[in-house]
Structure formats: C-alpha cells, structure tokens
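Protein chains: 2
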Amino acid sequence: MIEETTPSDELLDRWARLRRSQRRQSFQELPREYMDDFFLALDAPAQAELLLALPYAERRLFVRLLAPDDAADLIQETPKGERAGLMELMDDITRQETKALLDYREDVAGGLMNPRFARLRPEETIEQAITYLRQQLSRVEMIYYAYVLDNSQQLLGVVSLKDLVRAEPEKTVAEVMTRKLFRVSDTANQKEIAHLLTEHGVKAIPVVDAQGRMKGIVTAEDVIDVLREMDTKDIQKVGGMEALDGPYFETGFFAMLRKRAGWLVILFLGEMLTATAMTHYEKQIEEAVVLALFIPLLISSGGNSGSQATTLIIRAMALGEVRVSDWWRVAGREVTSGVALGVLLGTIGFLRIVIWQSISPIYGQYYMLVAVTIFLTLVGVVTFGTMTGSMLPFLLRRCGLDPASASAPFVATLVDVTGIIIYFTVAKIILNGTLL
Amino acid sequence: MIEETTPSDELLDRWARLRRSQRRQSFQELPREYMDDFFLALDAPAQAELLLALPYAERRLFVRLLAPDDAADLIQETPKGERAGLMELMDDITRQETKALLDYREDVAGGLMNPRFARLRPEETIEQAITYLRQQLSRVEMIYYAYVLDNSQQLLGVVSLKDLVRAEPEKTVAEVMTRKLFRVSDTANQKEIAHLLTEHGVKAIPVVDAQGRMKGIVTAEDVIDVLREMDTKDIQKVGGMEALDGPYFETGFFAMLRKRAGWLVILFLGEMLTATAMTHYEKQIEEAVVLALFIPLLISSGGNSGSQATTLIIRAMALGEVRVSDWWRVAGREVTSGVALGVLLGTIGFLRIVIWQSISPIYGQYYMLVAVTIFLTLVGVVTFGTMTGSMLPFLLRRCGLDPASASAPFVATLVDVTGIIIYFTVAKIILNGTLL
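Line order of the protein sequences matches chains A and B. Taking our numbering, the leading residue of the first sequence gets 1, the next gets one more, and so forth. Taking our numbering, the leading residue of the second sequence gets 1, the next gets one more, and so forth.
If we strip away everything but chain A, and leave its shape as in the complex, we get (with noise of 0.2 Å):
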C-alpha cells in the first residue's frame, strides 16, 4: 500500500537488527540524498549512537538537521563526555535553545516542548500580524496557532491562522484572539500532558514557566512517543514483568532476565502458598484423591476471571474512563459479572461430571456430590477471583503505586491460593460423611 521505499526505508527496517558494529557502515553506504531522511527517521538513541560513530567532520552535517527539542534529546542519550562536542556543532540559536531544554527533566512538560512557536503581540493590526508571522516562518517550522504574548512573555491569548485571515484587517489581535486557552507548566508531568492533549483534542498545549512566561508549545507528535512508551510499560506489567526501558533486541540478554526473574520469584514464592496450603488438606486429598483431580481446572478459572477483570481495569484507569471515585460502582458491577461467570462455568463443569460419568464411570458413587461441590467451588473462585481482580488495581492506586503492577500473574498468584481453600472448604460440607 505504502507507494515508494528508498534505500533508506529499507536501511531503517533493518537497522535494529543490525549488529552495532555494522550500523555506521551501511549507513555511510546510503545514497548521499538518503542520509537526512534516515538520520532524522531515528529515534534519539538510535542518533546519538550513530553520530558518535562517525568521524568528527561528518558529524556537523546531521547535527544541524535537529530541531532544538531533539538536539536535546540526542544529547541526553550522549555519554557526558561527548557533549560539549556535539554542542560546539549546533548553530549560535540552536544550541541556546538547547541549553535551556536540557535544564528541564526530560519528563516534564519543559522537556518536552517545542521552543520555537510562532508569536504575535496583542497591539499589532490583523494586517502587520500575518506580515509578521510570514517572517516567523523560516523559524517555527509549522504553524498550529499564533500565540499572543506580551513585552515581559506573558502569554495572553491565542489566534488560528482561520481568525486571523477571516478577521477585518484593521482591527487588532487584541480583538480577535481567544483569551481563556488550556496552558501548563513547565513542570507538568508528561502523562497530564499526554492526557490533555488526546482528552480534550486540542492540536497544541501553551508551556509556561513559573512567572508566566511562555516557554514553548507541546504538540500530538511530541506526546505520541511518551503514550507508546506508557502503553508498553502497562502492557509489560499486565503480562507479569517489570517494565523492560528499551526494545527486545536492544535490551542486553542478563538484564532482561533480571527483570523477568525478579517478578518470576516473587509469583513463586507466593505460589509456595499453595503448597503450604495444600499440606493442610493432605488428609482429605488421601481419602478422596478424585478431589485432586479437579484442583487444576478450579484454580486457574478463578486466576482467568481475576486475569479479565485486573486488565480490563488497569486499562480503563489508564485511559481515565474509571476513576479512584469510582470503584463502588466497579465493584457492583464485578462481582454482578463474577456471580454470573461463575455460574455459566460452574454449570459445563457440573455437566461435564455427569456425562462422563455416564460413559465411564471414573467418578465414582459419590460423582453427584462431586459435581455439586465442583459447581458451587467454580461460583465462589470465578467470584472471588473477579473481585479481586477489580479491586486490585484501585487498592494499588490508592496506595501511590502504579494499578498496572495488579498483573495477570500476580492476581492468579493471589486466587490460586485463596481457590485451594474455597474448594476444599465446600469439600468438606458437601462431601461430609460419604467420600470425606
């Protein structure tokens, strides 16, 4: 579908699977035309890694393609040592600009932003503004809207390209700009800005410092980046690890085993539960060992529902659809679903007793019993484990820690055991005075 690959489209599909040691190279033998295109197609990373791999005179070149917001992130991906360097490249403007990102962490809303926007000033004409903003051009790269500051940069309005053409050309932008707009500071977290930008659909968010002054833009684009990052984390925790920082191939094979094994033993040592929890019914298991049969299927039902129940939350939380607030209205509507899942699953493990049994009776005289204690075991671990699963990831928020950490694994880790106890608690009742 997509019309046209370059040498360096297919450089870039490459890339990652390149050995380090073979990147520089097949990126010298790119067609000169190629080189910007691809250098600036990397992500920060990828830039810094290349550059430095490079001679020193190659390097001016690519340096200069970068916009002051990424020259800042490649810098902060240069070891320290070669950063003086690769600022000595920079023009006298950019590196500037540069200096100041660089003072902002890199997850906040001044480290994020764009420096360079376009600006009008309240007493100018409509007439003198798009004068003015058409020698902006050459700076601002692309226009979203024009912001309207002040002598000491206090940012008081906004204007669209559309107000500005569609407005009588004698008045002023004072007149015609909108004066209440959303702005952050440049402290604000990167996720609050992630949200105000995809929430409220508007194309650009005002940066400003402390004293008001406008600072820079932050735009879709520059966001993009951050919500895949925050979507991979959440999807890697959801599956049971910790958060990996890079792509598969570029994370080293020991540490990734780290943060695997980490999780791993902690879900093991808390699986160690059922073992212990097991020697307590060791006795029952011996006098009816059909009982064990089942312990498989029990437990890892109850650990589906909770799986459901703890992504479907954890997402909805991340999405801002569900709330801290909201968790009464969550839970009633849970454990609604987990009695009701319950029952449709308790019901085919009920039904699949009985027709077994009837064609090979390896259940034995008791198999009614049995199949009542399995039906009402299904109920209370699918409603338990949906429970749980819910709650989890609101109990975590409200602890400070991030609801993602309520993984699939570790809410099954929780329900096995607490279905270990369930199952031989209806056990007992059910099948007191015939097989127990």
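Since the hints were derived computationally from the structure, they do not count as laboratory data. Note that the coordinates shown come from a computational prediction; the quantities given were computed from them, not determined experimentally. Careful: at least some of the hints might be erroneous.
Where chains are identical, the list cannot tell them apart; a pair therefore holds if satisfied intra-copy or between any two copies.
[As the list claims (entries may be wrong)] DSSO-like, lysine-lysine: derived pairs with alpha carbons at most 27 Å apart: (1) Lys191 <-> Lys180; (2) Lys283 <-> Lys171; (3) Lys259 <-> Lys171; (4) Lys428 <-> Lys283; (5) Lys203 <-> Lys428; (6) Lys203 <-> Lys215; (7) Lys99 <-> Lys162; (8) Lys203 <-> Lys233; (9) Lys428 <-> Lys162.
With the hints as your guide, set chain B onto chain A.
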C-alpha cells in the same frame, strides 16, 4: 499543574459518569462561550449523542464547527435516519468534502485523512507561492507542508515553510521542492499509516488515490486515537478477553459479559484437559499424595513464565521491533532464558523442600528424591512455558491471526496440561522403586 480550568473542563471530567439523560441539560447549562470548546473536545460518538439530544434549531451552530474529517466521523456515529438531516446543516463545501470522506471505510487512509491541505503549483514562483499560501490559510487550519500538484492533481513534491521562506523569491516551486516523499494509497490500512508516522518521524503523510491524485493528509493527531485503540485491544487480549469496543462504563453489562464469557469458556474447556490428564495419574497420586501438594505451584510457574514471554513478544511485534522472520533469533534467546529461569526457580523449590523438611518432616523419608523431582520439573516446565509463550505469537501471525490472541491466560492453559504431564513423567523416573 494545569492552570485555569474552565466550566467546560469540569463538565468534560464528569461527562462519562453522567447519565445520558443528564448530559444534554448539563451541556445547555454551560456558559455560551465554553460550549464550542466543550463540543469540539468530545469524541465523535459523544458528539453525535449530544447533537441528537439538542433541539433541531440548535444543532446547526455545532455542526458548523466541525472540519470535514470530524464531520464524517460524527455522521458515521449517527443512526442512518438522522444523517441526511445533519448533512443539511453543513455549509456546501464541507458537505461535499464530508460526502467524499464517507465513501471510505473508517479504518483506511481515506477515512482518516484531512482533505484540507496547503497546495501549490510547480510553475509558480516562490513569491507567488507565499501569496497563494496566505490565501489558503483560512481553509487549511494548520500548515505542515505545502504539497505541489499538477493540473490533474498528481502529487509532484513537497515544500516546507522553511524551504519556501529561505528560497530566492524568483525561483519556481518546482526548483525548490523535494520530489521523493512518502505517500500512501487511500485504501492503506490505518495501522500501516500509524506505523509509518511514528517510525519515520514525518509530520504528515499525503494520501493519493489509485490514479495518483492527492486526496488529503494524515497527521500524528489523526492516528493518536488509532494507536491508543490498538494498544487497548492488545492489552485486553493479553489479559484474556475479547477486545471491548468502547470505554468500560459505556459498554453495556451484557455486551461485556458476553465478551468475557467467550474466552473464559474456551479457557475452561482447554483447562478441562488437566482433569483428563490427572485421571491418568490418579494411581500415582494415591500412592504418593505428597506429589499432589506441588501441582498448583508447578503449573503456575510454567504459566507465569509463559505469560511473560508471550506479552513481551506480542508488544515487540506491535511496535515493529520484532518481525516474523526473527522467530529463530527469538527462539534461541528464549530457550536460554527459559533454562536460566527454570534453574533459578527449581533451586528455590529444591531448597524450600529440604529446609522445610529439616524443620518439620512432612515430606517423608524420600524428601530428597521429591526435591529433585520438583527441581527437574521446574526446569522443564519453565523452559517449555517460555518457549510456548514466545513462539505462539509467531505461529498466530504466520497463520494470519492476531498475535495478541496468544494471551497470558491462553498460554497458561496450554502450559498447565503439559506441566502435569512433565511432572508425573519426571516423578515416575525419579521416584520409581521408592514412592512409586
């Protein structure tokens, strides 16, 4: 951090939690000057719902706020009978553009694009081009690049604002434009476009029809929702349920139950195989009840390691970090990881039995052989879980299915059955002549 919240922001925060019947009233209670912003901040289904709740006379005001791509989204969310009425309210140009967009499926480039872009002719001088662009400002809302089209609307090249302003005024557009540029066909899938925009870092991609005529542009803003929706579906699938199509509270109780029940039942039926497998080992359990104690611990360890591996690979595939052709490299890496993680958990399991036994001798005289059985089973189960979890997404993709369907619970279920077989096979060999 976010300064200045308006009544419309407050309503936006509450919106999803309001009953449908309260929404129109809350909207109409907004001060007039906030209504437009609020309406524009809603997503298309909410806009459609609100609009249809308003008296007919008030609708025009809000319909006219929408750009054609947003108008098309709105129409698509409107019941068929109401569509003509809403189209009537648009101005002629927007109606025409909206109609053209409605001919496209929602999930292809043509349905995503904005038909209002800045256009230039190749023979114009730079000076003429700048004047001409100024006239277009009211149409285009936002300028990324200006596209150069010939008389038959064929896309010839692109110029950035920067290029234009820096060029000598007497040169022609054709002399300064860049001729090689990405373009996508109007039938290209939205996922491909999202990838292209995020991977290659271009700000806007031109969309052309089968005859090569330029139809519109797609920007980061247009795909941000597409990407988040994809991520949401992936997360929900990883958590073991069919993807919901809407926010948690907006999805009807029974619709949600159906989506959850579907997967739960499939997993339950799969997990029934564990009961079948266990039946084969009933005699062994009877002879050595101690074996039953470790079943939940062993199978959940396989499930957890499988969940991790599948989640990792699903995400890496979604981000384009790992391709189908990489399966061999991934397999090598994962088998090594699996053995390492298995030895780690196996060692913990071994020590647990040996240490526990020295405190209270519950595992009998052959506890050392039991410990060895647990160790070997864990190595086998974790290695198998990791391999299955990492390879299943490749297999699904190869079969043309969504790799995200290899959810954590699905992999866990698959691994549970195998785990039981591995366990009792190892036990048979190690404990032969002693416990068995």
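Each hint, compared with the structure:
no.: 1; hint: Lys191 <-> Lys180; in the structure: within (23 Å within a copy, 36 Å between copies)
no.: 2; hint: Lys283 <-> Lys171; in the structure: neither (91 Å within a copy, 93 Å between copies)
no.: 3; hint: Lys259 <-> Lys171; in the structure: neither (61 Å within a copy, 58 Å between copies)
no.: 4; hint: Lys428 <-> Lys283; in the structure: both (11 Å within a copy, 22 Å between copies)
no.: 5; hint: Lys203 <-> Lys428; in the structure: neither (63 Å within a copy, 66 Å between copies)
no.: 6; hint: Lys203 <-> Lys215; in the structure: both (17 Å within a copy, 22 Å between copies)
no.: 7; hint: Lys99 <-> Lys162; in the structure: between (34 Å within a copy, 23 Å between copies)
no.: 8; hint: Lys203 <-> Lys233; in the structure: both (26 Å within a copy, 25 Å between copies)
no.: 9; hint: Lys428 <-> Lys162; in the structure: neither (76 Å within a copy, 79 Å between copies)
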